[in-house]
Each structure stands twice: as structure tokens, then as C-alpha cells.
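Anchor point for the sequence shown: position 54 equals 114 in the numbering used here, and the numbering is continuous, going up by one each time.
If you're looking for bench data, these hints aren't it; they were derived computationally from the structure. Note that the Cβ used here is the ideal one computed from N, Cα and C, for glycine as well. Among the clues, some could well be false.
Have a look at the derived ranges for each label pair, beta carbon to beta carbon [to be verified]: (1) G87 with A126: 16 to 24 angstroms; (2) S170 with T124: 18 to 26 angstroms; (3) L130 with D167: 17 to 25 angstroms; (4) A126 with F161: 18 to 26 angstroms; (5) T124 with R169: 35 to 43 angstroms.
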Amino acid sequence: MADVADCCKTGYIHTGTPTGTVELLYGVQTYVSRPASTLPASTTSASSPTPITTGASDTSNVKTRAILLLTDVFGMTMPNTRLIADRYAQSGFTVFVPDLFAGKALDFRSMRPYMDTKTSTLSDRILKL
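All chains should be modelled from the sequences, with the hints used to inform the complete structure.
Next up, the structure:
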């Protein structure tokens with residue numbers, strides 16, 4: 061990848077274990093996170109965190125709802141992107157995160173710290189926005 065400004069190489073790597081899979085879709089490596097069940101977006105269980113509010117009121121097509129999640133310069137291998145995809149999948153969406161850089165995204169492990177570390181969970185950071 062071409063030289064990238066320093067401000068684009070900073071951030072915070074969230075903790076957690078992504079649960080999706082990497083699949084080859086139409087010749088493109090893609091991280092795919094699918095819902096565990098066909099529960100409506102407003103439903104939650106004791107074993108999962110509160111789902112992200114989607115605003116979708118019609119749950120008759122839960123199996124067909126999908127999100128195409130595009131990445132920043134760190135690409136689809138960055139845990140943050142995968143964890144966000146997994147959260148949407150918990151809300152009933154199938155999420156596709158294509159490898160936009162054909163395996164040549166910036167290595168997220170070389171990221172310099174940027175954000176404060178007082179908030180440690182992805183959910184807390186999303187809710188602060």
C-alpha cells in the first residue's frame with residue numbers, strides 16, 4: 061500500500077474474539093458473520109449483549125437482511141472490524157466484509173495508540189459516539 065499519513069496509522073485495538081468466517085466470494089476473500097438464529101433485531105438473550113438498535117421494525121425477512129461493511133486502511137483482518145460485524149450479526153443481519161486491499165492492507169499490529177484506554181469494550185466505545 062502507498063504511503064499513508066501518520067494520523068491514519070493510529071487507533072485502538074478492541075478485545076474480543078471474532079466469531080465469523082473468512083470465505084471466498086466471487087474471487088474476493090470476505091469476512092462473513094451470520095446471525096446465530098433468526099431472532100428479530102430487537103430480541104436479545106441472556107448469553108448475548110444487547111443488540112445494536114437497527115431501526116428495522118419489519119422482522120418478516122430476517123434471513124435476507126444483510127450489511128456490506130467496508131473497512132479502513134487496516135482492512136478486514138483488524139479485530140475491530142470483525143467484532144463490529146459480529147455485533148450486527150447478533151442483531152439478525154448477515155454481514156459481509158470484503159478484502160478491499162487484496163491482502164495488502166496496513167498491518168493493524170503496527171498501529172500506534174490514539175484513543176483513551178478508560179473505556180475497554182467495543183460496545184462502550186460505540187455508545188460514546
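Report task. Please write out, lowest number first, the hints stated earlier that are contradicted by the structure. Result -> 2
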